[in-house]
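A.B. asks: Protein sequences, first through last, are from chains A and B.
Position in the first sequence (first residue = 1) + 3 = the numbering used here.
Position in the second sequence (first residue = 1) + 191 = the numbering used here.
Take the hints with a grain of salt, since some may be wrong.
Capping the alpha-carbon separation at 30 Å, the derived lysine-lysine pairs in BS3-like fashion look like this [unchecked claim]:
{"no.": "1", "chain 1": "A", "residue 1": "K219", "chain 2": "A", "residue 2": "K31"}
{"no.": "2", "chain 1": "B", "residue 1": "K252", "chain 2": "A", "residue 2": "K81"}
{"no.": "3", "chain 1": "A", "residue 1": "K148", "chain 2": "A", "residue 2": "K194"}
{"no.": "4", "chain 1": "A", "residue 1": "K90", "chain 2": "B", "residue 2": "K320"}
{"no.": "5", "chain 1": "A", "residue 1": "K81", "chain 2": "B", "residue 2": "K418"}
{"no.": "6", "chain 1": "A", "residue 1": "K31", "chain 2": "A", "residue 2": "K251"}
{"no.": "7", "chain 1": "A", "residue 1": "K81", "chain 2": "A", "residue 2": "K123"}
{"no.": "8", "chain 1": "B", "residue 1": "K320", "chain 2": "A", "residue 2": "K148"}
{"no.": "9", "chain 1": "A", "residue 1": "K148", "chain 2": "A", "residue 2": "K31"}
No wet-lab data here; the hints were simulated from the structure.
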Amino acid sequence: MSYLSIQDLTVRLRNGLPLLRKVSLDVKSGEVRALVGESGAGKSMIGKAVLGILPRAARLTGGTILLDGEDLLALPPKARRQRIGAKAALIPQDPLTALNPSRRIGPQITDRLVDILGWKRPEAEARAFELLEEVHIQSPRRVMKSYPHELSGGMRQRVLIASAFAAEPKLIIADEPTTALDVTVQKQILKLIREMQERHQTALLFVTHDLGVVSKISQSLTVLYAGKVIEDTGVRAFFDAPQHAYSKALLAATPKYTDPDGSLMPVPDNIIAAVEREVAAFDAQMNE
Amino acid sequence: MQIVRALLTRLATTLVTLLGAAIIVFVVIRVVPGNPIAMMLPPGATDADIERLKTLYGLDKSIPEQFWIWIVNVAQGDFGTSITLRQPVFDLVIGRLPATLELSLIALVIAVLIGGTAALTATLYRDTKIEGGIDVAGGVALSLPDFLWGLALILVLGVLWPLFHISGRVSPSLGFDFHSNFFLLEALLRLRFDVVFDLLGHMLLPALALAIPLAAIILQLLKQSLKECMHDDYITLARTKGYSETSIITRDALPNAILPTLTLIGVQFTFLIGGTVIIERLFSYEGLGNMAIDAVINRDLPLIQGIVLVFALLFTLVNLLVDMTYAALNPRLRHA
Numbered sequence: 004m005s006y007l008s009i010q011d012l013t014v015r016l017r018n019g020l021p022l023l024r025k026v027s028l029d030v031k032s033g034e035v036r037a038l039v040g041e042s043g044a045g046k047s048m049i050g051k052a053v054l055g056i057l058p059r060a061a062r063l064t065g066g067t068i069l070l071d072g073e074d075l076l077a078l079p080p081k082a083r084r085q086r087i088g089a090k091a092a093l094i095p096q097d098p099l100t101a102l103n104p105s106r107r108i109g110p111q112i113t114d115r116l117v118d119i120l121g122w123k124r125p126e127a128e129a130r131a132f133e134l135l136e137e138v139h140i141q142s143p144r145r146v147m148k149s150y151p152h153e154l155s156g157g158m159r160q161r162v163l164i165a166s167a168f169a170a171e172p173k174l175i176i177a178d179e180p181t182t183a184l185d186v187t188v189q190k191q192i193l194k195l196i197r198e199m200q201e202r203h204q205t206a207l208l209f210v211t212h213d214l215g216v217v218s219k220i221s222q223s224l225t226v227l228y229a230g231k232v233i234e235d236t237g238v239r240a241f242f243d244a245p246q247h248a249y250s251k252a253l254l255a256a257t258p259k260y261t262d263p264d265g266s267l268m269p270v271p272d273n274i275i276a277a278v279e280r281e282v283a284a285f286d287a288q289m290n291e
Numbered sequence: 192m193q194i195v196r197a198l199l200t201r202l203a204t205t206l207v208t209l210l211g212a213a214i215i216v217f218v219v220i221r222v223v224p225g226n227p228i229a230m231m232l233p234p235g236a237t238d239a240d241i242e243r244l245k246t247l248y249g250l251d252k253s254i255p256e257q258f259w260i261w262i263v264n265v266a267q268g269d270f271g272t273s274i275t276l277r278q279p280v281f282d283l284v285i286g287r288l289p290a291t292l293e294l295s296l297i298a299l300v301i302a303v304l305i306g307g308t309a310a311l312t313a314t315l316y317r318d319t320k321i322e323g324g325i326d327v328a329g330g331v332a333l334s335l336p337d338f339l340w341g342l343a344l345i346l347v348l349g350v351l352w353p354l355f356h357i358s359g360r361v362s363p364s365l366g367f368d369f370h371s372n373f374f375l376l377e378a379l380l381r382l383r384f385d386v387v388f389d390l391l392g393h394m395l396l397p398a399l400a401l402a403i404p405l406a407a408i409i410l411q412l413l414k415q416s417l418k419e420c421m422h423d424d425y426i427t428l429a430r431t432k433g434y435s436e437t438s439i440i441t442r443d444a445l446p447n448a449i450l451p452t453l454t455l456i457g458v459q460f461t462f463l464i465g466g467t468v469i470i471e472r473l474f475s476y477e478g479l480g481n482m483a484i485d486a487v488i489n490r491d492l493p494l495i496q497g498i499v500l501v502f503a504l505l506f507t508l509v510n511l512l513v514d515m516t517y518a519a520l521n522p523r524l525r526h527a
């Protein structure tokens, strides 16, 4: 049973230019699905559409989003907002800018519990304490009283992870959660997300451009190009035998640790041209 | 230790500022044409009479000499005697200061309420006609100086629809006996709300005249900062938590957007206090500013000097207050 089910999701700029082209994908309860593609392929846009945080310039023009079997787009705005707040959460890309600089950490974790879910404040604070311990923060009480600028980048990402899991959401969308971090910290954070996901049995939609990460964390993946799904498959199947020519090229372009001196190989031009043609043909069909 | 040093530094700069203001005023009012003696004597006074009076007030000495005498007296708490009112300058200034303070503070509160509400509303309805309308209103508010707003308010709300008092500070018919010069504060503390109401009825129009341009400035800067904050990542994250736009703006964006506005309010508030001079005159409000105009017209040198010194002190205090609030509101400065 899919916890998140997206059907034919289309997002366009105000001038009509498509950003997402009839994207369909499912994330089952407890499943980790990676969303991969180049910059601008629309990976983050899918997460934003689900969470209702599309930029003002973009508009959702078609498709359905089912969260826990409920059609989000059919709900009135307030109910949709609160449903998303209760059932889904975002782990953002840049921990340095995603915490409010003028508020203490504690309330930033507990506010959703208190204001949206109606918890009592002491309960919510106990929960925040527990969560901070879960993400291996040494002195949770002190951290809850701190301001974001008093914590390191890695610490802040841990706080954001704790905050994402606060309301026991059954869907987490992680938007390149390690990109902004130090390489040494990246590994720890990745491990932590995996650990939290397993313990809480949440569905996880993991947006990344790093295929190395995909093999470590996810069971299935969706490859995007120009806002169109190119391939939707299991991780094992993808790494063993990618079906689409673009997927193959993408996989071949991944730098390997075993060959540190090897030159970086971009996706070849003829493959790009082929996939562009495919998208154009799809557009023609879509606009009919 | 650090706080003590900071305070001492602050005190020293304040003293230098006050001394500078004192020197400038002292010299300027003696250099410009016109002198108090001419105002006091009837036409046809003899040269000997003029000389006698000059000696009496010490005006026959050189300007540096006069300044030295004055500043030494001031240091001992003696601000001299008003030439026209024949009372100690200190008592006169202290007597009038509360009226001006109350008026300025009420004006400040009105400006923050109007400007803040307008900025929040414009942010909530950004990129719509409502924001456009608020911008236009702000532009109009800024295009006229406070005294023209004062005249307009007198005309519309005092004469055409006489809803508010346009003159004085309190209705004498109330027969209320004040023990201090902080009329509003005293009436509040003594729970005489009829008096409070009357006082506010007198203050509303002059305070509004002072507040309108400041409200427009607050609107513009606060709206700008708010709109910039609305693009920040923590706002996007707050949206995914299920909050309404209103609570996101007031709780997540406002604390971050308010700091530049706060500094601006501090600077502009000193202009507002300066504005009371003309506004008090316009509304016959018995404050320091009104007295300052009389003092200047009559060339009442000791009184002018005293008033200016008090205004200068007020400005430096406001700046100090702004700096302290700024440090209290910005967590990143608190530990620095």
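A.B. asks: Would you mind confirming whether the straight-line C-alpha gap from K252/B to K81/A stays at or under 30 Å?
C.D. replies: 79 Å, violated
A.B. asks: Check whether the Cα positions of K320/B and K148/A lie no farther apart than 30 Å.
C.D. replies: With Cα atoms ~42 Å apart, K320/B and K148/A exceed 30 Å; violated.
A.B. asks: Assess, step by step, whether the Cα of K148/A is no farther than 30 Å from the Cα of K31/A, and give holds or violated.
C.D. replies: 37 Å, violated
A.B. asks: Quickly compare the C-alpha distance for K148/A and K194/A to 30 Å and report which way the hint goes.
C.D. replies: 26 Å, holds
A.B. asks: Between the alpha carbons of K81/A and K123/A, is the straight-line distance 30 Å or under?
C.D. replies: Holds. K81/A to K123/A sits at ~22 Å (cutoff 30 Å).
A.B. asks: Are K219/A and K31/A close enough, with their CA atoms no more than 30 Å apart?
C.D. replies: Holds - the C-alpha atoms of K31/A and K219/A are around 18 Å apart, at most 30 Å.
A.B. asks: Just to be careful, I want the Cα atoms of K81/A and K418/B compared with a cutoff of 30 Å; is the pair within it?
C.D. replies: Distance of about 22 Å is within 30 Å: holds.
A.B. asks: Is K31/A within 30 Å of K251/A, Cα to Cα?
C.D. replies: The given pair, whose Cα atoms are some 26 Å apart, holds under the 30 Å limit.
A.B. asks: For K90/A and K320/B, compute the direct alpha-carbon distance and say whether it is at most 30 Å.
C.D. replies: 35 Å, violated
In summary, the structure is inconsistent with hints 2, 4, 8 and 9 from the numbered list given earlier, while agreeing with the others.
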